[in-house]
Amino acid sequence: MPSGIRSVFCILFFAAALSYSGGPAKASTSPQGAAQFIQWLGEQAISTLGSTNSPLAHREASVRQLMRQGFDLAFIGRFVLGRHWRKVSTDQQAHYQELFSSYILQTYSSHLGGYTGETLSITGAKPAGSKDAIVQTRIVRPSGPPIDAHWRVRAKGNQFLIIDISVEGVSMAVTQRSEFASVIKNHGFEGLLAALRARTDKMPAAN
Amino acid sequence: MSDKYQARPLTKQRSRITAVVFALGLGGLMGLGGLTGFSGAARADFEAGWLAYQRTDFATAFKEWQPLAEQGDARAQFNLGILYDQGKGIARDSDQAVRWWQRAAEKNMAAAQHNLASHYLAAIGGNLDFQEALRWLERAGNLGLARSQYTLGKMYGYGLGIPRNMRMAVSWMRKAADQGHQGAQYNLGKIYRDGNDLPANMAAAVYWFRRAANQGHARAQSRLSVRYARGEGVQTDNVQALFWATLAAAKGEPLAVDYVTEMRRDMSSADVALTERRAAAWKAEPEG
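Protein chains in written order, with the numbering used here: chain A, 1 to 207; chain B, 1001 to 1288.
With the Cβ distance kept under 8 angstroms, some of the chain A side facing chain B (calculated, not the full set):
| id | residue |
| --- | --- |
| 1 | Leu49 |
| 2 | Leu56 |
| 3 | Thr90 |
| 4 | Ala94 |
| 5 | His187 |
| 6 | Glu190 |
| 7 | Ala195 |
| 8 | Arg197 |
| 9 | Lys202 |
| 10 | Met203 |
Hint data in this document are derived by calculation from the structure and do not stem from the laboratory.
Just so it is clear, CB atoms sit at the ideal spot from N, CA and C, and this is done for glycine as well.
Please work from the sequences and hints to get the whole structure.
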């Protein structure tokens, strides 16, 4: 994946970090409400990372913790696993969800700080299907061309949750679904868990 | 771990001697630099890089660490690998990350060995290299790194890249669990509960589930709850069973959510209220 796209992912994921205490849940998702949610999340994430009163690793962990509330991780994780979900034990399902959530949160959150000076702006919002809204955003970077990304947001309970991101027309969830299926085919489900663990359990920078 | 690889500050006198030796061209002959520590200036450069890293100025961190890494400083090599791996301050490049981690790993830096192994296990592009992963994990595991020991336990337990060997799995899991690794404690609990190729031992399963549960491991809390409910390896105690299931359910552990619903039906309202109060006041006790 080109680094530019990765940088967008990380901004978007980071921006989605925080819970939103906006309007009440509705059967369909208000595009305007979803756009405000994304905007607000982005601002909160940048402010959390920009503070320097605690070690970077702690700030990144804080943002990951906040991000957890901005994504429907269970929904995404299950979609990405596809038909394999029903073939594994309950314990394996739980372990997968734990690792997958860490993977989503850690992979993308660890990138944001590397792209200081980027700005995220909302360029549009529209309904998607009967339940969701798509929020269109543009990331402007100090170097390189701007990147357009679309967030699929669903109102659930009393909050908005991100259920997918598309960058340059490529859905993250669909891409991962295909990648995971390939790992399972070649190395089994425990091979996938090992791969996810390896991606999320690296040692951090040393001092 | 960090102490072992921390650049050692030199006294002013030793710095001067080092400078003279290098001026005479004897540095390589005496093995200075990569093996015997770095000058005060190099240490200052490393710290400048670290401070820049902390304020998310990764471009500056890269500039400070790169020359040190080229000179053989294992910590700088390791951190440079992190910058490349995560695309911090520089375009993401896993080949470069591997290159720098390899250099630090060859100097016996366990963290670098672990990350190198993680690269081979991460299956980027669908390919795993279990053999390389095992090689580096065993080196890091033997240096005492709990994460590597845990991963080795998993690989032996599931036969990933090697024939399944439960004795080896237990041996590595035990090393990590003794150091307080929650996942290893939980997995040891499962191995003792199920037996697999070894004799089951419910008391040992309860011991390890409890240690992980006390640290806040939700699945271990859920499994400990079941042991109390069934009286397996511990005396039956429905209040304890509900207590641990309540904690696990609060973290979204799906089985525990069902247990809580079932158990509450069969218990007195006084017991339920007491358990809820205790669960609300409970705090995780991380080991170490």
